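Asks: Read top to bottom, the protein sequences are chains E and D. Residue 35 in my numbering sits at position 35 of the first sequence, with consecutive numbering throughout. Residue 353 in my numbering sits at position 353 of the second sequence, with consecutive numbering throughout.
A hint or two may mislead.
[To be verified] The calculated label-pair distances, taken between Cβ atoms and stated as ranges, are:
| id | chain 1 | residue 1 | chain 2 | residue 2 | range |
| --- | --- | --- | --- | --- | --- |
| 1 | D | Arg235 | E | Ala55 | 26 to 34 Å |
| 2 | E | Asp39 | D | Ser360 | 19 to 27 Å |
| 3 | E | Pro125 | D | Thr295 | 45 to 53 Å |
| 4 | E | Ala86 | D | Gly246 | 45 to 53 Å |
| 5 | D | Arg67 | E | Gly60 | 48 to 56 Å |
| 6 | D | Gln151 | E | Ala2 | 47 to 55 Å |
| 7 | D | Asp272 | E | Asp94 | 57 to 65 Å |
| 8 | D | Asp280 | E | Val73 | 50 to 58 Å |
| 9 | D | Thr295 | E | Gly76 | 25 to 33 Å |
| 10 | D | Pro4 | E | Asp38 | 27 to 35 Å |
| 11 | E | Gly60 | D | Ala242 | 40 to 48 Å |
[Said to hold, decoys possible] Computed, partial: chain E to chain D, Cβ under 8 Å:
| id | residue |
| --- | --- |
| 12 | Arg24 |
| 13 | Trp25 |
| 14 | Thr26 |
| 15 | Pro27 |
| 16 | Ile30 |
| 17 | Asp31 |
| 18 | Met34 |
| 19 | Asp52 |
| 20 | Ala55 |
| 21 | Arg57 |
| 22 | Pro58 |
Bear in mind the hints are in silico, worked out from the structure with no lab data behind them. Just so it is clear, the structure is predicted and the values come from calculations on it, not from any experiment. Positions of the beta carbon are idealized from the N, C-alpha and C atoms, including for glycine.
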Amino acid sequence: MAKYLLLKHYRGAPAAVNDVAMDRWTPEEIDAHMAYMDDFATKLGETGEFVDGQALRPEGAWVRYDGEGRPPVTDGPFPETKDLIAGWMIIDVDSWDRAVELAGELSAAPGAGGKPIHEWLEVRPFFDAPPTSGD
Amino acid sequence: MDEPRLRQLIPEVIGVLVRRGADFASAEDAVQEALVTAIRTWPEDPPRDAKGWLVTVSWRKHLDLRRSESARQGREVALDLEPPPGPVPTVDDTLRLYFLCAHPSLTPASAVALTLRAVGGLTTRQIAEAYLVPEATMAQRISRAKRRIAQVPLDQPGDLPTVLRVLYLIYNEGHSGEVDLATEAIRVTRQLVGGADDPEVAGLLALMLLHHARRAARTDAAGRLVPLAEQDRSRWDPALVAEGVGILQSALARDRLGEYQAQAAIAALHADARRFEETDWVQIVEWYDELVALTGSDVARLNRAVAVGAADGALAGLAALAEVDPAIPRHTAASAYLHELAGQLAEAADLYAAAARAASNLAERDHLTRRAAWLRQRTDQG
Chain E
1 MAKYLLLKHY RGAPAAVNDV AMDRWTPEEI DAHMAYMDDF ATKLGETGEF VDGQALRPEG
61 AWVRYDGEGR PPVTDGPFPE TKDLIAGWMI IDVDSWDRAV ELAGELSAAP GAGGKPIHEW
121 LEVRPFFDAP PTSGD
Chain D
1 MDEPRLRQLI PEVIGVLVRR GADFASAEDA VQEALVTAIR TWPEDPPRDA KGWLVTVSWR
61 KHLDLRRSES ARQGREVALD LEPPPGPVPT VDDTLRLYFL CAHPSLTPAS AVALTLRAVG
121 GLTTRQIAEA YLVPEATMAQ RISRAKRRIA QVPLDQPGDL PTVLRVLYLI YNEGHSGEVD
181 LATEAIRVTR QLVGGADDPE VAGLLALMLL HHARRAARTD AAGRLVPLAE QDRSRWDPAL
241 VAEGVGILQS ALARDRLGEY QAQAAIAALH ADARRFEETD WVQIVEWYDE LVALTGSDVA
301 RLNRAVAVGA ADGALAGLAA LAEVDPAIPR HTAASAYLHE LAGQLAEAAD LYAAAARAAS
361 NLAERDHLTR RAAWLRQRTD QG
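Chain E with its partners taken away, still in its complex shape (with noise of 0.2 Å):
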């Protein structure tokens, strides 16, 4: 087994084929895609894939050290040209095509006018553990 991270952003990629925002949609197209999206996790979780699934906030601000005896220098809140991050689901699946795959049912979930948001997803593979064998 190996862990992938599925990452989601607000903004930094590529444009999705299907791409307005949400609260451009209908009602019943927001509901649609809370329950494609809840019966997703369950359906990993049933299968014993499911690590993990968390959402962030759009906001927040670098920080950085910035000397002895200095508070943390912040910059924010986020330019709009940053890459925005808006959440993740880790996976635990048995190989890199099974994890393509998951991002691909993901990917599909329906948005404006039922359609499919075709919405970009960055999959990144864990580290692994060192083997306990073999050297």
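For chain E, the structure is supplied; the task is to place chain D on it using the hints.
Replies: Just chain D, lined up with the frame of chain E:
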């Protein structure tokens, strides 16, 4: 014996150990260990005298802990193996525990954790699960909190407002995992009402009960948030409403008004309306005036503006909102609601969408997004 009843004994047992000479931190550790054993063994082999069992086992664990402690330190410490006879635990013992666990020197997160463990009798694992943090993290938080209050003398007068704030924090955390924090908060607040002679404790309990009465109606089958105006009021729990109103009335009769009684009064007025249209908004605004006078809080001012909108019309509400600091949470959502009430639907939709982007939880964000979508659909068609 069910788990809530078992938990109720925990503060009393800690009280007994402290009176027998154990310091709070080790008493609490020992009782926690006994509790974990109880949860494991009682279903198969329930004791006849639950509290006696807990006292005996906790005291033994306490002695074990002290023995291994002194062995580690490599010196002989005389230990009284038989527990000295002590007076029966009193209400004051439990009350002192509340004050210690919600001590003003602790951060809110530490006070919450320690209160749930020592007063609420939850295990570290249950608390960790409820707050979605690893058990090791919660264990560390609790032991740091205990070290911090180790120096506090047990007879120091407590700070009741801090205790109430901590209990309300626990209530508002809602629930996840096997333990329902809202129910737990109600339980320990109920326990406190008997011990602390202050109408604000009763006010807080009434507030929790009145909110709790509406819980089933607050989300629909799909997990969506249902706003007060659209809730199916037949799903409100009439027994909880009646209990909350009764407790509130006796508290108010003592004529020492405080913020929790005022908030409970507002909740009671909502509970009293059979339909949303029957809500007595004029009285609710008066209670918000009291609340603002008592607390000076911007959140109270914000909620007051929404109530003014319902009582005196949307424009009056927007005028009241203009007096409130726009930086406080939900300001945009309140503004959206009042614009909708004023019939300014396009502005309202934009404001709801902006409020959704600023929401601090997903249920609220989804609700605000739906509201924006619904209004856009109406304005596009109209």
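Asks: Need the list of violated hint numbers for this structure, in ascending order.
Replies: 19
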